[in-house]
Structure formats: structure tokens, C-alpha cells
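For the protein sequence lines, the chains are A and B, in the order given.
Going by our numbering, 395 is the number at position 395 of the first sequence; the sequence numbering is gapless.
Counting the second sequence from 1 gives a position; our numbering is that position plus 670.
If you are wondering where the hints come from, they were derived from the structure by calculation, not from laboratory data.
Warning: the hint list may mix true and false statements.
[What the hints assert, rightly or not] Heads up, simulated EDC-like pairs for lysine to aspartate or glutamate below, C-alpha to C-alpha not over 20 Å straight-line:
# : chain 1 : residue 1 : chain 2 : residue 2
1 : B       : K924      : B       : D864
2 : A       : K404      : A       : E436
3 : B       : K794      : B       : D726
4 : B       : K925      : A       : D376
5 : B       : K924      : A       : D376
6 : B       : K741      : B       : D726
[Claimed, not checked] Among the chain B residues that face chain A by a calculated CB cut under 7 Å, a handful are:
#  : residue
7  : F719
8  : F862
9  : S901
10 : R902
[Said to hold, decoys possible] Part of the chain A face toward chain B, derived, beta carbon under 8 Å:
#  : residue
11 : L26
12 : R35
13 : S37
14 : N38
15 : D40
16 : F41
17 : R47
18 : T49
19 : L178
20 : R181
21 : A184
22 : I185
23 : L443
24 : F444
25 : S446
Cβ coordinates follow ideal geometry from the N, Cα and C atoms, glycine included.
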Amino acid sequence: MSLFLQQPWLLPLLALAALPLLVHLLSRTRPPVYRFSNLDFLQRVVRRTNRFRKPKDWLLLILRTLAILALAAAFLGPLLLSKSAPLPGERTTLVLLVDRSASMAARDGAATRFESAILAAREALSSIRPDAANVVWIDAEPSAVFPEPAPNRAFLGESLDQAGARPEAGALARAWELALRQCAIGTGRKELVVISDFQASAWKAFDGTVPSDIHVRAVPVAKGDAPNIALTSLVASPAEPVAGQEATVLCRVRNFSGEARRPLLSLDAGGSHQSRPVDLPAWGEAEAAFTVRCPAAGLLALTAAIDEDSFPGDDRRYLALRVRESLRLAVAAPANSAEARVARSLADALPWLDTVDCPDPANPPPCDLLLIPAWDGSSPEKLRALAEQSTTLIVHPAPGSPAKSLSVLASTPPDAADGMLTIETKQDGWQSMPAEGHPAFALFASGEFGNPLAGTIRQRVRLPASVTGKGETLGRFADGTPALVSFPTASAPIILCNLPLDPAAGDWTTRQSFLPAFAELILHTRPNKPGDHFAIESGSLPAWSPSDPSQAATLTLAGPDGKPVPLEQTTGTGGPVWRARQPATPGIHAWLVSGQPVHYSVANFPESESDLRALPEPPTFGPGSSRTNDSLARAAALDHGLPLWPWLIGLTLLAMLVEPWIASPTLRKS
Amino acid sequence: MNTAWKYLKPEDIRRLKNYEFGAKAMVEGYLSGRHRSKQRGASIEFHEFRQYVPGDDLAQVDWRVFARNDKLFLRTFEQETNLECHIFLDASASMAFPEQEQRLTKLEYASFFAACLSWLVTSKNDRVSLTLFDQGIRKHLPPGSTRRHLHDLMTTLEHTTAGAPTDLPEVLHRAHPLLKRRGTLVILSDLFTDPARLFTALNPYLHRGFRVHLFHILDPAELDLGNRGLSRFVDMESDARLTVHPQALRDAWKKEILDHSRTLRALAAGRHVDYALAPTTESYFSLFDRFRH
């Protein structure tokens with residue numbers, strides 16, 4: 001706070017304050033003489049009342065001095081200014097950084113946080129009265145109303161009125177940079193007013209520093225931590241099921257409140273509806289799994305929902321699945337080989353499996369699984385890269401292949417194996433059994449379908465224990481030697497198979513259990529492709545590039561509400577890209593060709609926005625910043641200077657009113 | 671003899687004829703009169719029987735008793751005698767308050783009352799004495815009941831002016847030997863003195879059987895300092911000066927004076943002394959009621 005005098009040349013008026021003191025002293029020097037009968041009694045009374053009388057005289061003197069001083073000071077025109085107030089006549093540039101991320105839609109009592117923010121922003125515009133101003137929005141794609149701060153406050157007010165909270169996370173850092181750029185463009189005194197709910201999850205780690213010439217004020221609008229229940233995750237496994245397969249849909253629900261809740265969770269999968277209650281502990285989360293059957297190939301839209309609460313934006317979650325017609329199995333074996341014949345017979349028996357020939361295992365055609373029945377150990381690095389890029393490898397090493405290649409393929413230490421792989425033969429063969437616990441053989445766990453690895457294996461490769469010991473054993477021979485070993489990678493596993501597909505080396509492939517066992521093995525070791533092919537960020541622009549250029553002629557985009565969304569065509573690296581002209585809101589956006597959905601863009605409510613707890617105190621942004629918990633208008637008024645003369649006149653009048661009361665014991669008593 | 675006395679007006683004399691001066695206690699005196707005395711003497715009021723001792727007046731022997739039991743007993747009677755009233759009048763400087771021509775000073779008020787009382791006492795052939803004092807005895811007129819004595823007393827009152835500071839206890843101490851006979855002691859003063867000292871000084875009188883009347887004479891301006899502004903007070907007795915704001919002290923002063931009066935009244939009640947606060951605005955005739963039985 002600082003004091004500014006509008007009429008400093010009237011400062012000598014303050015000397016009038018000495019007047020009461022002079023009057024007081026003069027009045028005491030020449031009092032009228034009064035002869036009295038006895039002063040002994042009077043002196044005794046004076047002594048007894050001395051402590052009361054003296055302060056009263058001083059009080060009178062102080063009161064009168066105060067009255068004169070206040071009156072004289074009123075003529076000086078004092079203004080009370082905040083410490084960082086602009087100098088009189090200084091230009092002011094105001095940038096309002098207004099949060100309109102999803103959490104601002106939370107309701108604190110009668111109004112939402114965003115409505116409070118708009119009120120605060122309008123208050124700042126009208127009370128600070130800047131020469132130039134601009135509004136920067138904090139949302140997924142931060143933007144400013146004007147290219148640079150402009151004097152048209154009315155338009156800014158209209159823009160504020162027309163705005164609403166968006167169901168998207170705010171890109172804080174970019175919005176902050178944009179606001180600082182706007183401030184830097186401005187002239188004169190630069191003020192940055194940050195109006196937000198200061199959601200703890202978003203602002204806690206944010207480090208916003210400002211140049212020293214920018215004065216920052218933080219205006220918090222959140223009035224409490226609004227309780228909320230949110231659907232935070234919806235995942236399907238497998239992400240791309242094949243037709244006829246069942247997919248498991250996992251829903252995660254979080255409770256952002258201090259009370260345990262039991263909402264009803266429901267899942268709609270292409271018209272099929274399931275629901276169940278979920279028990280949520282206070283500040284906890286719970287998961288629920290639904291089994292969804294995918295009868296036919298195509299697109300399958302899933303919508304999970306919970307009971308609506310006061311913050312409904314995150315009560316629904318969406319997922320789109322592409323149900324594949326078949327899996328592609330590339331077989332790296334001569335077409336007339338026994339292994340190729342076995343593979344073809346598999347494909348004939350399984351409607352969801354296609355086999356393709358693969359002359360060069362290192363460069364396979366597009367496929368989900370690559371079967372190498374007699375791998376000679378060539379290109380282990382390339383093969384491992386294939387697995388990491390989402391192709392499951394089923395490798396049966398050939399005798400004589402280098403053990404080191406196996407070590408590279410399994411990503412074990414290079415010196416773990418050396419030499420060549422050799423074969424061992426046993427006339428009466430070896431029996432093998434699946435290892436317990438792996439989901440690939442869960443179907444056979446009850447014993448109803450027998451031993452999936454039943455058969456007699458007469459030839460097997462001596463696999464180095466230093467390699468097989470590092471993987472997960474799916475099946476083993478009766479003597480304990482691993483028969484099936486899985487080496488996981490980031491995307492798809494590498495299956496090291498010591499069960500020969502050639503009927504001459506073992507009769508596993510001729511047994512009845514072979515077909516379901518191999519089918520289960522394929523389904524459960526298929527590449528774990530990410531299921532977010534359709535996912536886009538809420539607030540981003542849905543875009544899609546049709547693979548068939550002819551589809552572009554009848555391409556339309558239907559929003560979550562079924563209404564068409566305007567599109568524009570841009571050119572991407574892979575050809576023409578169609579992009580929506582408006583940001584995506586949570587829901588399933590359907591790309592339609594001739595009225596039929598060919599692709600989905602699924603936007604979900606950002607998980608980070610569901611926790612509505614605000615920072616206990618708004619953040620500070622360097623030495624020039626302040627927090628405004630009270631009225632912004634009051635603070636702004638103080639910036640423009642609070643005239644003190646009415647208060648001083650009031651003080652004078654008050655002193656004059658009190659003076660007789662102090663001076664007259666009779667009046668005081670009455 | 672001039673009868674136009676300043677402090678005894680004819681209308682006051684006429685009014686005084688309706689009053690009577692009596693004494694609640696028995697008194698001593700030389701002459702027979704209306705008042706009972708501890709001295710046994712000739713009267714019709716029986717006192718007691720007492721055994722004869724040689725030297726007693728045989729006329730007082732009750733012969734009927736002697737005839738009945740052969741013992742000599744004297745039948746004694748109370749002696750009726752005249753009254754002595756001793757007036758102590760404060761003539762100190764403070765009694766000249768207030769110094770305003772249109773108002774009676776405390777000394778004038780006391781003088782009027784003393785004059786009337788003297789006339790009332792002497793009119794019944796009782797004796798009255800006058801002692802003027804300030805810090806000492808300024809003048810003492812011994813008891814007398816003659817017209818000449820009344821004249822001297824009035825003249826003394828007329829020529830009395832307020833003088834030095836007061837010291838009533840000291841005066842009472844010194845005056846004690848001057849009063850030969852016990853009687854009624856009337857003290858007229860503003861009593862700006864320590865009550866404990868005052869009553870200590872009165873003790874010898876009370877032990878001798880004096881009936882004491884304390885008349886506390888105060889001007890209304892002394893009872894209430896009033897609403898005057900800041901003033902410099904000058905002591906009429908010592909010329910001491912004190913600048914105070916009477917408005918501020920008004921309540922405290924009033925309380926102090928009333929407390930002083932209450933103390934005097936309480937001490938007086940404990941010693942069977944008659945005490946009366948007499949504002950100078952009140953008629954001094956009302957003070958005569960204090961003498962009624």
C-alpha cells in the first residue's frame with residue numbers, strides 16, 4: 001500500500017493540527033480565579049481523581065488534534081494505492097488467462113466454476129479499465145480472442161459471455177506462453193490475471209514464471225472440492241477380436257470423494273446391454289469386467305456409463321472395436337512341406353485364420369503371426385524387431401542352426417549359448433504336458449478336453465537351458481525339458497517351439513487335441529496391438545485418411561449426437577486427410593461412406609479432469625504476483641486509488657460528535 | 671441601650687417567642703430554674719434515699735423511716751437549676767465564603783443563628799457564653815444571662831470578621847478549662863477538619879456530660895462545585911492555588927463532601943452528639959428544632 005497526495009501543496013495545512021494544542025495550553029494558563037473556602041479537600045479530590053482526569057484532558061486534546069488533522073488531510077486529497085498500482089496516466093494492458101478446461105464445469109452451489117470465472121473476468125475488465133486487453137483461453141488448444149491486446153472491451157465481454165467450459169484438458173504451458181506473448185506485445189503497465197479453479201492435478205506441478213515487468217494476479221474461483229465419480233478407463237482385450245471371439249471389456253471407476261459409493265455401471269456393446277453395481281471405497285477405485293461377444297466382423301461401438309452425478313461429463317466412456325474377420329498366419333516353409341500342409345489344414349479348419357506363404361522370414365507379408373517351422377538361425381535381429389512391431393513369432397529351430405541366434409532372438413546375453421543346435425531322437429518318443437496357469441491352455445485345465453499337447457515326440461532339438469530358462473515355459477516334456485517357451489516383447493511374444501509340426505517327427509499334429517490347442521495358442525499369443533486406433537484427444541480435431549480415394553466422394557462425419565460435422569480436406573504425408581472443423585467432444589464420431597460407418601474417432605473425457613480438488617492456495621508466479629481471494633473489483637479500485645477524503649471528513653465529524661461527550665461528564669453520564 | 675442589632679432582628683425575636691430551648695441532659699447551674707440537675711436540692715421531684723452521715727442537714731431526714739426501723743435516712747430531691755449554653759463560633763477565613771454581596775456568608779449565617787440562640791437562652795434566664803475561634807480562641811465571653819451580657823454578645827458578633835485558618839480540635843482543647851459548668855455546647859463551623867481529631871477533642875466535654883450540638887454550615891457552592899469551566903481556585907485561608915476543571919471534579923467533590931458529612935454523622939451518633947448539616951440557603955430557624963426534646 002502507498003499513499004498518493006493529489007494536492008501536496010496544501011501540506012502546510014497540517015500545521016493546523018497544532019491549534020488545539022495551543023488552545024489547550026492557552027486555556028490552561030489563564031483560568032478565572034475563584035476563591036474557595038478550603039483547598040485541602042479539593043486537593044484530596046484532585047489526587048483521588050487524578051488518573052481519570054488527566055487522560056480525559058489528553059483524550060480531548062488528541063480528539064481535537066485528530067479532528068483538525070483529518071480535516072486538513074482531507075484537503076490534500078490523499079489516495080490509497082496498492083504497492084504495485086499504476087502511476088497516474090500510465091497505460092495498462094490487461095491479459096485475462098481464463099481456464100475453460102473440463103473441471104471448470106464443476107458446480108459450486110448455484111453457479112459453475114466457469115460462470116464464476118466469467119464474472120471475475122468481466123469484473124476485471126470493468127474495474128481495471130485497461131487501455132488494451134485480451135482473453136486467452138486455457139483449453140486443449142489455447143487461443144486468444146484478439147491477435148494482440150486491443151481496446152475493444154465490449155467485444156471481449158461478449159466473447160466471455162458466449163464461452164463455455166470445454167470437456168477437454170487444458171494445455172497449461174502453451175496457454176501460459178501465449179498469455180505471456182500477449183503481455184509482451186502490450187504497452188505500458190502489463191497485467192496478467194489468471195482466473196481458474198486451480199485444479200490441483202493440473203496446477204500442482206506447473207511452474208509458471210513471469211518477467212518482472214508483468215504483474216500477475218491469481219483469481220481462484222473454486223469454492224470447494226466437489227465430490228465426483230468418474231469412469232476413468234475402458235479397455236477391451238483383445239483390442240481387435242476376431243469374429244466369433246469374446247472380448248473382455250474392463251471398466252475402471254474412481255471415486256473422488258470422501259464417502260464410499262455404489263454406482264450402477266452399465267455397458268452397451270452394439271445394442272447388447274449389461275449392468276452391475278460397483279462398490280467404490282472413499283477416494284478409491286474399482287474395476288469391473290464385462291464379456292462381450294463379437295459375432296461378426298466390423299466395427300463395434302461400446303459405451304460404458306455410471307449414474308450421473310453433479311459433474312456428469314465423466315460419467316460415460318466410449319470405446320470402438322474393430323472385429324476382425326480373420327488372423328493372418330504367414331508360414332515360412334516350402335509350400336509342399338509337411339509344416340505348410342499342417343498350417344493349411346489349420347486354416348481350413350479355423351474360419352478366422354488365413355495362411356499366407358512367406359518365402360523370406362525376414363521380410364514377411366503383412367500378418368499377425370509368423371510360423372517358422374525350421375528356422376536356420378538367420379536374421380535373428382530382424383525377427384525380434386518383427387515381434388516388437390507386433391508380429392507373433394512361432395519358431396521351431398532347425399538342427400545345426402547357431403545357438404547364438406537363438407540367444408539373440410530371445411534377447412538373452414550373447415554369450416549365453418554357443419555352438420550349433422543338435423537334435424536328439426528317441427524311438428518311443430517323449431510325452432509333453434502344458435504348464436499350469438497360462439491362459440492359452442486354460443480351456444484344458446478342467447481335463448474335459450484332454451491333454452492339449454498329447455502325442456509322442458520322437459525328435460527334438462537340444463535347446464540351451466541358458467536360453468529357455470529366461471522365458472516362460474508353456475509346456476514341457478515328461479523329463480522336464482521345455483517344449484514350448486514364450487519370450488515376451490513389447491508387442492508380441494516369441495514362441496520357441498520344440499514340438500515338431502512334421503508328423504514324421506512326432507504325432508502331436510495328428511491328435512484331435514492339436515487343432516484346439518494350436519488355435520488357443522494362436523489366439524492367446526497374438527500380437528497385443530494397441531486398441532486405440534480410434535482414440536483421439538477430446539478437444540482435438542477428428543481426422544481420417546480413407547485408404548480408398550473413391551470413398552472421399554461420399555465421406556461424412558457424424559458427431560456423437562448423430563449430426564454431421566463440417567469437414568475440410570488437408571494434405572498429409574500419406575495423402576489427403578479429412579479433418580473436422582470443430583473440436584471433438586466426448587463420444588463416438590462416425591466416419592460414414594455412403595451412410596455406412598467405416599471408421600470411428602472416439603473422444604473420451606480426459607481422466608485428469610475428473611479430480612476436482614483445487615489447490616489449497618492459488619499458486620504464486622514470481623515476485624510480482626499476488627493472490628486475490630477477495631473481490632477483484634476492490635483490488636482494482638485500490639490500484640486506481642482509493643480516495644480517503646470521505647473517510648477523513650467522517651473522522652472529523654465523528655471526533656466532533658464524540659468531543660462533547662468526552663468533555664461533559666453530565667452528558668456522558670446521561 | 672441600642673437594640674437594633676445586626677444579627678437579631680425584631681421579627682426574629684417575635685418568631686423566637688414560639689421556640690423553647692431545652693436540654694436533653696441534665697445540667698449544672700447556680701440558680702434554680704426549669705432544668706433538672708444532678709445536684710440534690712430543693713424541689714418536689716424525689717431523687718433517692720441515702721443513709722445519714724454526720725454533717726447532713728437534719729431537715730432532710732425522713733422521720734417516718736426512722737420511726738419504723740430506727741435508722742436515719744435522708745430523703746433527697748433533685749435540684750432544679752438554670753442552663754448554660756456555650757456557643758463556639760468558627761470565625762476562620764473559610765467562613766467568609768462565598769464572597770458575594772447578595773449571599774450570606776457562612777459566618778453571617780452562623781452569627782444570625784448564634785444571636786437568635788443567645789436571645790432564646792437568655793430570655794429564659796439561662797446563661798449563654800460565646801467563644802469565637804479560628805486556629806485559636808479569638809474571643810471568649812463567659813456565660814451570662816443579663817441583658818447587658820446579651821448586648822456584649824451581639825456587639826461581639828457584629829464586629830467579628832473572618833480571620834486565620836481553622837483548627838477546631840485545638841480550640842476545643844484549649845477552651846475546656848474555660849467552661850466551669852457543664853451545659854450545652856453548640857459548635858457552628860464549616861468543619862473542614864479531621865473528624866477523628868474533632869471527636870477526640872470533644873471527648874473531655876462528653877465525659878463531663880456536655881450536650882454537644884455540631885452544626886455543619888456549608889454554602890451550596892461547597893456542596894456542589896457547579897458547571898464552571900477550568901478555574902484557578904484560591905484558598906481563602908492559606909492563599910494556596912489550584913487550577914482544576916470543576917466539571918470534571920463535580921461528582922468526586924460531591925461524594926467527598928457527603929462522605930465527610932456521613933463520617934461526622936456516624937461518629938456523632940456513636941457518641942450521642944447531635945449533628946446537623948446546615949446549608950446556608952436553609953432557614954436557621956429550622957436548627958432550633960434540634961433542641962426540642
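Find the hints from earlier in the document that the structure breaks and name them by number, from lowest to highest. 2, 3, 4, 5, 7, 11, 17, 19, 20, 21, 22, 23, 24 and 25
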